[in-house]
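Undergrad: These protein sequences, in sequence, are chains W and L. The first sequence runs contiguously to residue 1327 in this note's numbering. The second sequence runs contiguously to residue 303 in this note's numbering.
Do not rely on the hints blindly, as some may be mistaken.
Below 25 Å or equal to it, Euclidean Cα-Cα: the simulated DSS-like pairs (lysine-lysine) are [said to hold, decoys possible]:
#1 L:Lys197 with L:Lys187
#2 L:Lys187 with W:Lys1179
#3 L:Lys242 with W:Lys1289
#4 W:Lys897 with W:Lys1011
#5 W:Lys1140 with W:Lys1179
#6 W:Lys1011 with W:Lys932
#7 L:Lys108 with W:Lys1291
#8 W:Lys932 with W:Lys1289
#9 L:Lys242 with L:Lys197
Simulated from the structure, these hints should not be mistaken for lab results. Since this is a predicted model, take the numbers as computed values, not measurements.
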Amino acid sequence: MRGNVDKSAPQHSGSTAYINARIIDPTGDSEYRGAVLISDGKIADYGPNLFASGAPYGIQSVDCRGLYLAPGLVDTRVLASAGAAAAVGGITSLVLLPDNEPPFDDASLIEFVARRARQVKLANMYAYGALTVGLEGKELAEIGLLAEAGAVAFTDADHAVGNAQVMRRALYYAKAFDALIVHLPQEPTLSTGNMTSGETATRLGLSGNPPLAEVMMVERDIRLAEMTGGRLHLAKISTAEAVAAIAAAKARGLKITCDTAAPYFALNDLAVGDYRTFGKLVPPLRAEKDRMAVVEGLKNGTIDAIVSDHRPQDQDSKRVPFAQAEPGGIGLETLLPISLELVHNGHLTLPRLFQLLSSTPARLFGLPGGKLAKGAPADLVVFDADYAWKVDRDVLCSKTKNTPFDERPVQGRVMATIVGGRTIYRDDSFTTTAQAA
Amino acid sequence: MGVPRLPHLLGIEGLAPEAISGLLDLSESYIDQNRSIDKRRDLLAGRTVINLFFENSTRTRTSFEVAAKRLGADVINMDVATSSVRKGETLLDTAMTLNAMRPDSIVVRHSESGAVNLLSQKVNCAVINAGDGQHEHPTQALLDALTIRRRRGSLQGLLVAICGDIMHSRVARSNIHLLQIMGARVRVVGPPTLMPTDIEKMGVEVHYSMKTGLKDVDIVMMLRLQTERMQGLFVPSISEYFHFFGLDHEKLKFAKPDALIMHPGPMNRGVEIDSEVADDLDRSVIHEQVEMGVAVRMACLEALIGGRRNALAGAAA
Chain W
891 MRGNVDKSAP QHSGSTAYIN ARIIDPTGDS EYRGAVLISD GKIADYGPNL FASGAPYGIQ
951 SVDCRGLYLA PGLVDTRVLA SAGAAAAVGG ITSLVLLPDN EPPFDDASLI EFVARRARQV
1011 KLANMYAYGA LTVGLEGKEL AEIGLLAEAG AVAFTDADHA VGNAQVMRRA LYYAKAFDAL
1071 IVHLPQEPTL STGNMTSGET ATRLGLSGNP PLAEVMMVER DIRLAEMTGG RLHLAKISTA
1131 EAVAAIAAAK ARGLKITCDT AAPYFALNDL AVGDYRTFGK LVPPLRAEKD RMAVVEGLKN
1191 GTIDAIVSDH RPQDQDSKRV PFAQAEPGGI GLETLLPISL ELVHNGHLTL PRLFQLLSST
1251 PARLFGLPGG KLAKGAPADL VVFDADYAWK VDRDVLCSKT KNTPFDERPV QGRVMATIVG
1311 GRTIYRDDSF TTTAQAA
Chain L
-13 MGVPRLPHLL GIEGLAPEAI SGLLDLSESY IDQNRSIDKR RDLLAGRTVI NLFFENSTRT
47 RTSFEVAAKR LGADVINMDV ATSSVRKGET LLDTAMTLNA MRPDSIVVRH SESGAVNLLS
107 QKVNCAVINA GDGQHEHPTQ ALLDALTIRR RRGSLQGLLV AICGDIMHSR VARSNIHLLQ
167 IMGARVRVVG PPTLMPTDIE KMGVEVHYSM KTGLKDVDIV MMLRLQTERM QGLFVPSISE
227 YFHFFGLDHE KLKFAKPDAL IMHPGPMNRG VEIDSEVADD LDRSVIHEQV EMGVAVRMAC
287 LEALIGGRRN ALAGAAA
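Based on the sequences and whatever the hints tell you, model everything.
TA: Given below as structure tokens:
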């Protein structure tokens, strides 16, 4: 990190113009040079012709000097409130997973998250409610009360609901509240291994999870969603067959959505290499053909969103033999640069990438940010898409260092993160201070 | 004859054929010494070898202990209880504690794949893998190779069948690597539930029947059915397993008439191997394998710590 996270930035008031920016408008599917005007924490105006001849006298202006300006990232899969790392990563809204200690299966805990977010004053923080009590997949959690307390969606986090009857009832019941159910589709009885099945697992002598464990559950869930009419969002899609099954369901007109996490389009099972526990994730990193299918799913619209799946693990949980290591990786600070690889490699346009990172997840989860629109919250990110650097676990600002992307050369760096008009993070090189013209 | 210089011996995968030949040649030189009355040399006098066994193994530990003592090294045996749930914590703690006592080599066995690799990154002495989970058991593959080479002259062109519980076997993996590096062809034979996924991508032929699997093979390597590793139902019953996959004289007829029978031990008689076959002195080289084990481990110790200075001494912290 070579910048400054500012929790004490004052509430935005008056007007600020971000001029001379390359604006990415995901919902308008366009990209142009222009300006954004913020008034009292909200987007007041934006467009290619706005302030084309300079900001008018009397309002503050920030010269973006040709850098990109886009809606801030909306990350719907984060464990533990990591406000500073999110700010550095350009994330302006995040949704916390419920597998906390204790799990978010009680309304008071959802209220606690909201209260905590108001204290931390960085990214907007929302919370999932548990789908089942204790995330055990047996009894339904109080979905209605949790929704009333502010839970934006319901999930058992990385625990798949193995019992089809429980999942069926959850999808039915949630309809009463139009609640979104987010499910990690991994057949639990086939997912007890330590990495994906295949040659690498066999060579390393590690027990494997067959990729089939994903598509089996995806197909079951599709049937249940079709039968119940419930709102289903499948999380962290990692295999070619699951992408194909979801594409087929969408082609049949089902309103199913899904996301993937950055590791599944950027890494394959070779990243486990010589027993690298930072590469131990849920679901496990898959084969190269699966990674390519995930990229294709992002290109053709089968996959709707990208999440960081930020899951800190301390050193004691990772510096152990692979089978004993806790799964999960951190991802907030690398989410944008890793995702930008899809643009640099010619797979996606920038507006399409920001649909995946910002506008679509915000829409699916009913969150106010993630788009350029008059009256929308001024949640924005300024970034340099070409800035080259190397991920170094010791330089990341997250408290734990378990990144699966350690030592990866990347391109793209956040220059400023703006939430409700407040600049909560600014890179040292982005020194243009807001000044009265 | 060049003595290969290695920092550690963690596995067979990735070793050059010259390194393997070098270790086998060196092992040969110790066989006569081990058969003579005066078995002890002082090549490793003053060196300390720690046998760190997180998993019980009387045979392998004894073999390493005998090997080190015959070269004059001081040997300390550490049998670490494995009952604690968080054994990973004790692994690195124990490793670094022992490392501070400045041993020249640590011989490690652990129930988790990769545990020995992990440990080797945290110490600055030579680490020998005495078996890690389902990953590798390099000295077993070397002693098997030495046994075969003495009987057949060379490994080149031989057809070897490895039979039984391939999935849970580190012996199978190390042997698959070594035999192929040295030019032998390898078949794996066993029920599909005991075959690891994509094993054929390691270059082996897969057979689910002893009849086709043993056809015309030069060597039959039986594996222990590791019932203690079974998490669920891999085979319906011991008797069914023996009926279809246990080696008896009937099934042995499929192999070449002079095919050798090997087993890494300890044997489950009547499970994967019939007593008559195991004790057939014309065909079974099981006791010879044990003898070669000591010679091979002496060679490995010499290759790792027999030089004038520890190969890793420069890296000492």
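Undergrad: Each of the hints needs a verdict: does it hold here or not?
TA: Evaluation of the provided hints:
1. L:Lys197 with L:Lys187: OK: lysine 197 of chain L and lysine 187 of chain L at ~23 Å, within 25 Å.
2. L:Lys187 with W:Lys1179: holds (16 Å)
3. L:Lys242 with W:Lys1289: violated (63 Å)
4. W:Lys897 with W:Lys1011: holds (6 Å)
5. W:Lys1140 with W:Lys1179: Distance of about 22 Å is within 25 Å: holds.
6. W:Lys1011 with W:Lys932: Holds, at about 17 Å.
7. L:Lys108 with W:Lys1291: Cα-Cα ~18 Å, so holds.
8. W:Lys932 with W:Lys1289: violated (32 Å)
9. L:Lys242 with L:Lys197: Within the cut-off at roughly 12 Å; holds.
When each numbered hint is compared with the structure, violations occur for hints 3 and 8.
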